[in-house]
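Could you build all of it, start to finish, from the sequences and the hints given here?
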Amino acid sequence: MVLKRLFLGVGMLFVISVLIFIGVEALPGDLAEAILGQAATPESIQAFRSNLKLDLPPHTRYLSWIGGILQGDLGTSLANNRPIADLLSSRISNTFFLAATAAVFSIPISILLGILAALYRESFFDKFISIFTLSMISFPEFFVAYILMVLLAVEFQIFPSLAIVRDSMTFFERLYAISLPALTLTLIVIAHMMRMTRAAIINVLASPYIEMAHLKGIKKVRIIVQHATPNSLSPIINVVVLNLAYMVVGVVLVEVVFVYPGLGQLLVDSVSKRDLPVVQASCLIFAGVYILLNLLADVLSILANPKLRHPK
Amino acid sequence: MKKTGANRLLNVHDLCIEGYQEEEWRQIVNGVSFYVDRGEVLGLIGESGAGKSTIGIASMGYTRAGCRIKAGSILFDGQELFGADYETLRRVRGPRIAYVAQSAAASFNPAHKLIHQFVEMPVQEGIMSFSKAEARAKELFRRLDLPDPDNIGDRYPHQVSGGQLQRCMVAMAMACNPDLIVFDEPTTALDVTTQIEVLGAIKEVIQAYGTAAIYITHDLAVVAQIADRIMVLQHGYEVETGETRQMIESPKKDYTRELLSVRKTRGKTINHGGEETVLAVENVRAAYGNNVIVLDGINTKIGRGKTVSIVGESGSGKSTLARVITGLLPPIDGKVHFCGEVIPPKLKNRPKELLRRMQMIYQMPDTALNPKHKVKKILGRPLNFYFGMSGKERDQRILKLLELIELGPEYMERYPDELSGGEKQRVCIARALAAKPDLIICDEVTSALDQLGAKGILKLLQNLQNELQVSYIFITHDLDTVKAISDHIVVMYQGKVVEQGPKSDILHPPYEPYTDLLLSSAPEMNPDWLDHVIKHRQRLADKGVSIRS
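Protein chains in written order, with the numbering used here: chain A, 1 to 312; chain B, 1001 to 1549.
Keep in mind that the hints were calculated from the coordinates and are not lab data.
Virtual Cβ for every residue (Gly too), placed ideally from N, Cα, C.
Treat the hints loosely; a few may be bogus.
Claimed, not checked - Only pairs whose alpha carbons sit at most 30 angstroms apart, straight line, appear in this in silico DSSO-like list of lysine-lysine:
{"#": "1", "chain 1": "B", "residue 1": "Lys1253", "chain 2": "B", "residue 2": "Lys1113"}
{"#": "2", "chain 1": "B", "residue 1": "Lys1132", "chain 2": "A", "residue 2": "Lys219"}
{"#": "3", "chain 1": "B", "residue 1": "Lys1301", "chain 2": "B", "residue 2": "Lys1113"}
{"#": "4", "chain 1": "B", "residue 1": "Lys1376", "chain 2": "B", "residue 2": "Lys1436"}
{"#": "5", "chain 1": "B", "residue 1": "Lys1132", "chain 2": "A", "residue 2": "Lys220"}
{"#": "6", "chain 1": "B", "residue 1": "Lys1070", "chain 2": "A", "residue 2": "Lys127"}
{"#": "7", "chain 1": "A", "residue 1": "Lys219", "chain 2": "B", "residue 2": "Lys1113"}
What the hints assert, rightly or not - Chain B residues, not near chain A, derived (Cβ > 10 angstroms throughout):
{"#": "8", "residue": "Glu1018"}
{"#": "9", "residue": "Arg1090"}
{"#": "10", "residue": "Ala1098"}
{"#": "11", "residue": "Ser1103"}
{"#": "12", "residue": "Glu1125"}
{"#": "13", "residue": "Asn1177"}
{"#": "14", "residue": "Lys1203"}
{"#": "15", "residue": "Thr1244"}
{"#": "16", "residue": "Glu1282"}
{"#": "17", "residue": "Pro1345"}
{"#": "18", "residue": "Gln1396"}
{"#": "19", "residue": "Glu1467"}
Spelled out as structure tokens, the structure:
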């Protein structure tokens, strides 16, 4: 079952690579003119094109691109002629660092809040949490980012407003540097995960085995933790992983606002510079992460189901 | 039994319970009073909606969501449970009053092993250590005749059959040797043959441990086997209460008499119609997936205007046969003839005209009707689809159909939610009739209804057959239904036909051993029946007939 999903995932990645290629092809403007500038002579443009093999038909270029990737070669950047793999590696680790920090805080907090909201359903606490998290998700992420910046960096000056990281920084200095983007991400993803946890547990609380647990005289907290939570894991896992994927893939705006040297920032820069090989490679990495995390969600959901874990 | 004041365990006085329906609180239990003495079994019986389950769990001080106890007194062993705080109630539940639910499959937590669910309460309350509780579980499992009592606790609920799971739940209720157990329809979800084992096991343990019980069921014959006294309920009111034998032999109230008479219904079949065969099944073999054969060598025939009942317990292949006939599951071998012609095995290869002539009615009218469509639209669809009717012509035909199912024209504008279970099933019947079929396949059509509702549906089907000469295939595990409606009976067991023939042959001795087992499993209104049948089973077992459980 897992193998089948893995194959599907690889197949999907190929389809996505085609879509990315077509999308980049469809971008308006001529690459050579954009890079060489208006003053370029027709000869130099011609030379630039043949150098980059832009004069070849698209399917040949696609095959050579994908062939290179399969051999582990992501190509070279147009802007500075460095291998893309080098360019990406530090960016990827930055993006993952930010996502991981946000995940470490947001996942336990939102699951705990979800469980508490389910336990004290319809109470003031439940309503307050719902309103707070929903308003956070309703604002665009850059808005939340700027508000936090104004409050915590300008007004109270607790955290740095820009998330600048250098290689020389220690782990905790880095952590401090990214506190605002991490907080922004946490606030944005918490609503989803908390509400799904709450809904999944409440859904399970209506089952006959929960009534049975009540009539067996089991304590309330134990009912939620021992009886309801294990049976609501599957939807919770799915929403958690989906949000993890969002934290890696959807951080473009947050990275730009805080000038954080992550993959998202690189993508935006490369689009404006028309550094197409970098755009393609970044998109492919985003797609790969997304597919991999969804695969993980599927596998974990299967493992969370006792009927599949212990067949008859 | 003794009935002195000192022996009184539970005394419920003037209990009123409200339910939140249609945005207001309505009284659903109206001033019911009863008592249970130590070691005594009280049966609560009534149709669905009589409030028997609500009363049963209210005696534990518990109400389901959307219900509340409004007034009254629930005195358990000198302690008032109505209005008691959560912690007091929680301590009573489990060690002192235990609960056995209708569906063990739904009431065991799928995520934990049986043994962990068994020991949970005694260990939490500090009554037993884990190993002591485990030993107690094994003792009870053995006592309740569960296979492999030392290891069955290590299984998950889905790894154990329904009847065994129900017995595990009885064991779990007995864990701390409670004073009182509330049994909430504990055998309703089981096959007749399995029902006996569970019923026998329950009776045996509660007698052995001297436990008092409230036994809730809609089946008078079941409660007669186990209860010392019976209380009859209707619409949340007490109808009457009395000793079991006296209630069965000489009930005082009309309603009780009516409940008793449901069991005795025998529909009279008017035998007209010639020898014309509507449907014939020839040497059918069918399988799910590639390897598991679920039907093997099935041969049977249905005459015009006749009713053939297919009986068997769950897993016998009776519903699969219906899927083969309707083309949902093409057989791997064999043929289906309809009005003398071999018909395509696959549904999608069958012409519309053939589809029209064969209709189906399902077990759950709730899920078979689109809740967003009015009755008018539900009945109008087949008229339009098969006959291209529209406008006035269609409306007139819908009125005719409503008349056939004994519902008034005002039902045209109603949604399924506004109908009772019996009325919904009537609409399903009308929808099948709209196509003017030659054959209707009825898959457990009465099992989701209470006894009086079921009786009405069977009578209606019989009248319709007399009037319209339609043939029925009746798939059921309920032998009373079979006795009431069939002309011809096919008994199935593990994918094979055990026996078939006219009703009079099958239902009279000499019996085929498996048919005997099925017939003897249907509860009878005699309080001694269970003891007899368990002995009878022993004899059948000696002859080599066994029951899967």
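So, going through the hints one by one against the coordinates:
A hinted pair counts as satisfied when its Cα atoms are at most 30 angstroms apart, and Lys1253/B with Lys1113/B does not qualify at roughly 47 angstroms. Under the criterion of a C-alpha separation no larger than 30 angstroms, the hint pairing Lys1132/B with Lys219/A is consistent with the structure, at around 21 angstroms. Straight-line distance between C-alpha atoms of Lys1301/B and Lys1113/B comes to about 47 angstroms, which puts the hinted pair past the 30 angstroms bound. With a C-alpha separation of about 17 angstroms, the suggested pair Lys1376/B and Lys1436/B falls inside the 30 angstroms cut-off, and the hint holds.
Using a Cα cut-off of 30 angstroms, the hinted pair Lys1132/B and Lys220/A holds, with the two alpha carbons roughly 25 angstroms apart. Between Lys1070/B and Lys127/A the CA atoms are separated by roughly 28 angstroms; this keeps the pair inside 30 angstroms, and the hint holds. A C-alpha spacing of about 19 angstroms is found between Lys219/A and Lys1113/B, which places the hinted pair at or below 30 angstroms, so the restraint holds. Listed as outside the interface, Glu1018/B is consistent with that label: its C-beta sits roughly 19 angstroms from the nearest C-beta of chain A, beyond the 10 angstroms cut-off.
Remark: the non-interface label on Arg1090/B conflicts with the geometry, its nearest Cβ contact in chain A lying 5 angstroms away (cut-off 10 angstroms). Its beta-carbon lying about 7 angstroms from the closest one in chain A, Ala1098/B breaks the requirement of being farther than 10 angstroms from that chain. A beta-carbon of chain A comes within 10 angstroms of the beta-carbon of Ser1103/B; the shortest separation is about 6 angstroms. At roughly 7 angstroms from the closest C-beta of chain A, the C-beta of Glu1125/B falls inside 10 angstroms, breaking its exclusion from the interface.
The Cβ of Asn1177/B sits about 14 angstroms from the closest Cβ of chain A, beyond the 10 angstroms cut-off, so the non-interface label holds. With a cut of 10 angstroms on Cβ distances, Lys1203/B stays outside the contact zone with chain A, its closest approach being about 22 angstroms. Consistency note on Thr1244/B: stated as away from chain A, and its beta-carbon is indeed over 10 angstroms from all of that chain's, at 26 angstroms minimum. The non-interface label for Glu1282/B is consistent with chain A: the shortest C-beta to C-beta separation is roughly 34 angstroms, beyond 10 angstroms.
With 10 angstroms as the threshold on Cβ separation, the claim that Pro1345/B sits away from chain A holds: the shortest Cβ distance comes to roughly 30 angstroms. Chain A leaves Gln1396/B outside its interface by the beta-carbon criterion, the shortest separation being 44 angstroms against a cut-off of 10 angstroms. Taking the minimum C-beta to C-beta distance to chain A, about 43 angstroms, the non-interface status of Glu1467/B holds against the 10 angstroms cut.
Hint compliance for this structure: hints 1, 3, 9, 10, 11 and 12 are broken, all remaining hints hold.
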